[in-house]
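Peer 1: Make the full structure from the sequences, and use the hints.
If you want the building blocks of each chain, they are given just below.
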Amino acid sequence: MALLEIENLHASVGGKEILKGITLALEPGEVHAIMGPNGTGKSTLSNVIAGREGYEVTKGNVWLDGKDVLAMAADARARAGIFLAFQYPVEIPGVTTSAFLKTALNAKRRAAGQPEIDAMELLKLVKAKTAVLGMPYDMIKRALNVGFSGGEKKRAEVLQMTMLEPIVAILDETDSGLDIDALKVVSEGVNSLRSPDRAFLVITHYQRLLDYIVPDHVHVMAGGKIVASGGKELALELEAEGYAKYLNAAA
Amino acid sequence: MAVTRETAATVRDIEQYKYGFVTDIESDMAPKGLSEDTIRFISAKKGEPEWMLEWRLKAYRYWLTLSDEEPTWAKLQFPKIDYQASYYYAAPKQTPKLGSLDEVDPKLLETYKKLGIPLLEQQMLAGVAVDAVFDSVSVATTYKKKLEEMGVIFSPISEAVHKHPELVKKYLGSVVPYSDNFYATLNSAVFTDGSFVYIPKGLRCPMELSTYFRINEKNTGQFERTLIIADEGSYVSYLEGCTAPQRDENQLHAAVVELIALDDAEIKYSTVQNWYPGDADGKGGIFNFVTKRGACRGKNSKIMWTQVETGSSITWKYPSCILQGDNSVGEFYSVAITNNRQQADTGTKMIHLGKNTRSKIISKGISAGRADNTYRGLVRIGAKADGARNYTQCDSLLIGDKCGAHTIPYIETRNPTAQTEHEATTSKISDDQLFYCLQRGMTQEEAVSLIVNGFCKEVLQTLPMEFAVEAQKLVGISLEGSVG
Amino acid sequence: MKPSLITDHPFGEDYAKRLGVAPWRGHLPGPKVEEWRFTPLRSLAKIAFVPATADIDVDVIPRNVPKVPGAVRLVLVNGVYRKDLSDTDLGKGVELSHGKVAAKEGSSLVALNAAYAPASLALHVNGKAKKIIHIISIGAAGPTPTALHPRITLTAEAGASVTLVESHVGLPGEAYFSNPVASITVGEGASVRRYVSVDEDSEDFHLATSLVKVAGGGTYEGFHLGLGGALTRQEIRVALTGENANVRLNGAYALTGTSHHDITTVIDHTLPNCTSNQIFKGVVDGESHAVYQGRIHVARDAQKTNAQLVHKALFLSRGPQVDCKPELEIYADDVQCAHGAATGEIDPNHLFYLAARGIDPETARSLLVEGFLADGVNEIGDEAVREIFGAAIGGWLKRRQA
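Residue numbers (the numbering used here), protein chains in the order written: chain A, 5 to 255; chain B, 9 to 492; chain C, 12 to 413.
Just so you know, these hints were derived from the structure itself, not from any lab.
Errors might be hidden in some of the hints.
Said to hold, decoys possible - Quick partial rundown of chain B residues pointing at chain C, CB under 7 Å, derived from the structure:
| hint | residue |
| --- | --- |
| 1 | I416 |
| 2 | E420 |
| 3 | T421 |
| 4 | T425 |
| 5 | Q427 |
| 6 | T434 |
| 7 | D440 |
Said to hold, decoys possible - Simulated restraints on C-beta separations:
| hint | chain 1 | residue 1 | chain 2 | residue 2 | range |
| --- | --- | --- | --- | --- | --- |
| 8 | A | G70 | C | G406 | 39 to 45 Å |
| 9 | C | G406 | A | L129 | 41 to 47 Å |
| 10 | C | P372 | B | T73 | 52 to 58 Å |
| 11 | B | E257 | C | G268 | 55 to 61 Å |
| 12 | B | K177 | A | E60 | 33 to 39 Å |
Cβ coordinates follow ideal geometry from the N, Cα and C atoms, glycine included.
Peer 2: What follows is the structure in structure tokens.
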């Protein structure tokens, strides 16, 4: 059974239909990439799956490991194993990264019937994970994302992903605003999490990210639909030829 | 700023207020002082209908009960005003009813020409219609015919009382009631002239409408009243300017302006206030007590106030917006410059009542010499104003160490979904900026003018083009002799 | 100018007589007094408070008083020093005495305090105090509404330093009106840290006045936490009387029910090269009413002043009211002064971010509220006190959820 199954998903924002029937299945261990020009609904898709308010699903279904995602509130979806790495992670002044991580981790552990983690254990865990990601451990003392550079914010997203161990991780334009070094670090973090019981949906505008996170499947999205699917070579083709022919197809 | 202090020692006796001349013209005046007789005199002079006189008398009788209520909360110091020592009506003689501009007294035309406001249509600024108010009466209104053809009413308010009583009755006092405050009540009793504007439904008025106020007579108060109604879907941009001769006595100016914007209408109201500010020792100058308020009555309506306040010895003025209609917008852009002994206490009130109402306040106060400059503002978000937004930015600049700059905002919020944001700063012109300009060959005053204009840019750029240039010059002139 | 006054409250005439001063000093400020426009005292004036007596039977310290590690406890019950409940060893450099208070200065509330304060709890600091001084002021009305007037005087000599914690709490009983006055003098180069927590019961009144003077090179750090009471006002007036003096004044409040909470600060910069920084943050729930007024006054001679002030309030529900009046009154040109104020509700983007990490809405809200207030609390220089005050806010949030 697919880990994430999207069936004929239609969604609108403020009465305007953005997603016009998306169907997609992420099998265990797979990495799917969704590419496409700006304004075709890529970010809408990630927001709808994660459950952001203001998006109305008018038709279709989303299943996570057999569970009805659309029936769940946003936080329940996250605890069930959906992780969204944000394109623009919010800055929350006053809330330390450590307090945030502890709360999030324990929310998930409680839901899974596991014992809560205490502050000391958390620190140990964070120390280990930040070392792997090549991040300064100190960062968890700072307010969440406040004053972080673009690269630091994306690394913090990956750190969270590492700790929350999702079933399905959605990376929304994770490469935007990253220089090549940061891109490598983030990609290595993601690759280290690839496993047979996890799937990834990588949303990106550029092929560059896919040099580092090599996908099993590539889909082209245009006009709220998936207009073409293929293997990783499709990404290279898009890089060379652009989106023009798909835009025409969608229109 | 050691260098600049030295310069200060050089006393400048250059004439700085170039509008300080007096026009020698014979006037028709009311007896000095204020009584029911004065009001009847004014009303009779204007040939007003009974209802107008009654309204005035009601206001006057109410004003008599306010003798202890003359506002004292503003940061202003001035001697107690003797309301019996003023004339409440003065009109240039021989101007009963004007058929056309050709009949205007040449002396008056000359006066306005000298002020830079040519009233003869062939000399006029293209696209600006002017109503010229001289002491207590309107002496000329230009482009009247052309505007009439489009359905725009632009006339002296005294004329509108006769020609459009239904509109005046309906809207006069509907934004600033006669009982509003001490000065507004006084104005309601004795107002003499002012402009009346009505923009019909759906019309985007293609011309800037403008009123030019001039106080000429000695010991005369000016009490004009302006009423602007923008009907559904209409737009108008209105400008006012004001000057007065240079005199040793203080003169009183207590005006009321009411704006009404109906559904989808927009009113842009710009003021360049350059009343005589008094001399360097604070002698003379206009006491400027003005009540200006706009009601965004309709949904999606918008009122925008821009003011450049450089004149008057005392300024007491808070152009406000009552945001009643859902999605309505109020904006206030202000530059207030005080120099020598001038005092200004000015700001705005933004009253949010409707849903998704938005307001923006940008205030730039510049204080020099021995002047005091206060921003005083209120932002009130009512319990029903869901989604309301306010942004306020107040910056003050001090030039010299004998002046004061004060910021007193009141922010009252009763709705959780509203967002208010207020920021204020006070600083001086940095020595680095000044030195940079001097090193590039500017004089001290050019440099200050340049830097201050930059400081005010956000406000000045909201003025209509014709006024913006004038205002920029005025900023420089107002600060002459201040560096030191 | 004669202020407008509430003249018909039950204790006014009596104390004016006691003081031998003009009758108006015996009255409470009315709503026409600008500094009291947002905090009406009508509800206070309606209750016939009687002057507190010391012989009330109190032998335990209420549970909501935190234990400050290693601190010396000094206990006031109804404004009267209770030796039997207090620690005796104040540590090196601190002396305790009990003096009479000079009566005729200050606002009518300060005068009221002077008329009734049994004696001032006077602390004299000479040198670096090792132990934190923890003053616990307990209001105990018993069967009749009671007015109490605690008086604290703290003098830090030149070069001295001390940390003071104040807990203002009450015992069950009738309503009381606590009218504490603290006079604090920070000597040249001295450093005083003062952390005040007001956690009165929902029917009690607390109108506190702090009068602080900071001499040249001195530092005063104040923090005011407000978590309850029917009507609470913390008025803090700081005069910087020497050059290079420095004040940091911060606070946090969390209100629910119909609590009215007022913070009024006046910082008076009279001489050059002084700095003042203020951060106040608050959350409002229920039908509560928060007031913040902050005035920065910079006199003609106070060149090179740097003064900053921020107030931010967060709405947790429909119903509360927040009135804010930050004020700059500047007479010197070479200064850097700024204030900022904002109100709003919890950012839905923040909530979604937390939800996307599996955190339920209620927990998310608590986390965000604590984070919002942390900006203020983090300004507390003493780490132990920072944790204690943080925990008090945590407790407030738990009570709110319960």
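Peer 1: State for each hint whether it applies.
Peer 2: For each hint, the structure was consulted:
{"no.": "1", "hint": "I416", "verdict": "holds (5 Å)"}
{"no.": "2", "hint": "E420", "verdict": "holds (5 Å)"}
{"no.": "3", "hint": "T421", "verdict": "holds (5 Å)"}
{"no.": "4", "hint": "T425", "verdict": "holds (6 Å)"}
{"no.": "5", "hint": "Q427", "verdict": "holds (4 Å)"}
{"no.": "6", "hint": "T434", "verdict": "holds (4 Å)"}
{"no.": "7", "hint": "D440", "verdict": "violated (13 Å)"}
{"no.": "8", "hint": "A:G70 / C:G406: 39 to 45 Å", "verdict": "holds (42 Å)"}
{"no.": "9", "hint": "C:G406 / A:L129: 41 to 47 Å", "verdict": "violated (28 Å)"}
{"no.": "10", "hint": "C:P372 / B:T73: 52 to 58 Å", "verdict": "holds (56 Å)"}
{"no.": "11", "hint": "B:E257 / C:G268: 55 to 61 Å", "verdict": "holds (58 Å)"}
{"no.": "12", "hint": "B:K177 / A:E60: 33 to 39 Å", "verdict": "violated (50 Å)"}
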